[in-house]
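This is what each chain is made of:
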Amino acid sequence: MNDLAIETHALHKHYGDIHAVDGLDMHVPRGAVYGFLGRNGAGKTTTIRVLTGLARATGGGMRVLDLDPRTDSVAILARTGLVIEKMLIPSMTGNDLVRFNRGFFPRWSDTLAAKYAEVLELDMKRKFKKLSTGNRTKLCLLLALSQGAELILLDEPTAGLDPVVTDQLLRVMVEDFANEGRTLFLSSHHLSEVERIAEWVGIIDHGKLLLEGRLDDMHSNFRRVRVVGEALPLTAWPDIVSSNTGEGTTEYVLRADADAFVAQLVSQGATVLDVTPLNLSEIFLEVVGKGKTNVSMEVLA
Amino acid sequence: MYLWKYWRESRITFAVGMALVGLLLWSAFKFHAGYPGPATGYSENGVTLNTAQNIPAQIYLVIASVLTLPLAFLGLRYGSLGAGRDLGEGSGWFLFSRPRTRAFFVWSDWSYGMAQILLLVLALNAVLVFEIHRMAPIRGPVLVAGEPVSMATIFVLHCVAGLLLAGSMFGLTYFSSVLTRGRGVTLAVGVIVADVIAKSVVKHYWPDITLPNLTLTEFSISRSMIAGFADHLGLSIALRAALALSFPVAAQLLLQQRDID
Chain Y
1 MNDLAIETHA LHKHYGDIHA VDGLDMHVPR GAVYGFLGRN GAGKTTTIRV LTGLARATGG
61 GMRVLDLDPR TDSVAILART GLVIEKMLIP SMTGNDLVRF NRGFFPRWSD TLAAKYAEVL
121 ELDMKRKFKK LSTGNRTKLC LLLALSQGAE LILLDEPTAG LDPVVTDQLL RVMVEDFANE
181 GRTLFLSSHH LSEVERIAEW VGIIDHGKLL LEGRLDDMHS NFRRVRVVGE ALPLTAWPDI
241 VSSNTGEGTT EYVLRADADA FVAQLVSQGA TVLDVTPLNL SEIFLEVVGK GKTNVSMEVL
301 A
Chain R
1 MYLWKYWRES RITFAVGMAL VGLLLWSAFK FHAGYPGPAT GYSENGVTLN TAQNIPAQIY
61 LVIASVLTLP LAFLGLRYGS LGAGRDLGEG SGWFLFSRPR TRAFFVWSDW SYGMAQILLL
121 VLALNAVLVF EIHRMAPIRG PVLVAGEPVS MATIFVLHCV AGLLLAGSMF GLTYFSSVLT
181 RGRGVTLAVG VIVADVIAKS VVKHYWPDIT LPNLTLTEFS ISRSMIAGFA DHLGLSIALR
241 AALALSFPVA AQLLLQQRDI D
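Residue numbers (the working numbering), protein chains in the order written: chain Y, 1 to 301; chain R, 1 to 261.
Please keep in mind that the hints were generated in silico from the structure rather than gathered at the bench.
C-beta: ideal position from N, C-alpha, C; glycine also.
Don't take every hint at face value.
To spell it out: a stretch of chain R is covered by chain Y in this simulated footprint if at least three of its residues, at any positions, have a beta carbon under 8 Å from a beta carbon of chain Y; those stretches are [claimed, not checked]:
1. 3-10
2. 78-91
3. 94-101
Chain Y with its partners taken away, still in its complex shape (with noise of 0.2 Å):
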């Protein structure tokens, strides 16, 4: 068995001239918590509905659960949770949809769908097109959630609830899933909440994967390092993400050997004020290249 639940080589999706998914080599480990981040339009939707058979690779390969899309998606289906659109049959109740849902999943929880609704705090009775946006997002989890799969995939599934529920959500995901061996892939650009939950975080912009490891090695290795003077001679250094210089300083940010950067500066009389560590947001900004530019709030939130 593959310890890969999603291996992607050279993965592509175009729409006509626009490359949704350009190239994307993403490697997912069976039982992980994996953080798919990027922009809006970055390709995390199209990456998931290709990796489903929702939609049609253009080139490349892939494996989901030692399948392939193309042509087992049904299997893989059998086995994936899917969170995409926050729109099921609007005239069903939750009720309804869990009885339309549970024969479709010989491992379909019951107990697991009652918990859920309770953790959640979702009207059940309730027709879905009368629900709440938040109210609709959190049924679409709780089906996707019940339904026993091994590899659940979800697509912003934060979006619309409010902090407490999001907060239960993300306690019973690590509870449930994380601590089962199942692997979970989320999608999102709520970075604080990936970082609470993810061990593995994949950072997608237009198309291609930029950065793809353990979320503690990128915490441990990505430094942000601060050297008095704007003319200095190492730049050229091979794990600089960004450098920047203003106000009598330059500012570098380094994927990697930070201590060997800072004792080359040194070593060639540069001042250095500070090394720091960067969060999740920092990083993601700094690898999408946007970490000096206008930014969107959502990006940010």
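Place chain R on chain Y using the hints.
Chain R only, in chain Y's frame:
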């Protein structure tokens, strides 16, 4: 479980249809106590018939041609349900991410819808025949286009014609709903109107050419059916059935090629 979803969507249509059938049945008992028929008979084409025996065929002929409209509506209504409706309502991703092939959803919708249509067509025709029988008792064969034909034959042919008509409308609307993501009724009605206009234009400029009738109205009129009976009615029915079946096949192929959004 999926059939339960289609049942939820179609149950009101089915219930209304059955209620109308029930109303007809009630009216048969309420208003038609039975027609005694004439005492004297006559002979036509070697068959001895009551004069009243032309009456049932004529009544059935008229009513059956009027039935074209509700049957077409029934087909349009059933075709607007199922997977096409989900695509239109934005829940297509949810439906098609349930672990079944896209063909499963199409043929489940189609077979369950057609089963309901079959029941409605059978019930409607049976009640109509019963009501006519209460008005003018049917005894033996009736005259159609000068030919003696058993009422059972007429009944079966009317049911087949009704099923083919409603089935074609159902298939056309279903395919249109998949194609246009939920706006199938509009497109199907547009196709029917365009078909009528095209026929009129062709008939006006090229009177010798007769385009095939999409609504199958010729099958709903006994006179044409019986005339067609001698003229390869079986082949005609098979071709109409193939046309009716081609729509769900096209819907399946379309869904299998299309990205679900």
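Inset, instruction - Check, residue by residue, whether the region 94-101 of chain R contains three or more positions whose beta-carbon lies closer than 8 Å to a beta-carbon of chain Y, and give the verdict. - result: holds (count 8)
Inset, instruction - Given that the region 78-91 of chain R was listed as covered by chain Y, double-check it with a C-beta distance under 8 Å for 3 or more residues. - result: Result for this restraint: holds, n = 4.
Legend entry - Cβ contact check, 8 Å cutoff: the region 3-10 of chain R against chain Y, three residues minimum: holds (count 4)
Comparing the model with each numbered hint stated earlier shows that all of them hold.
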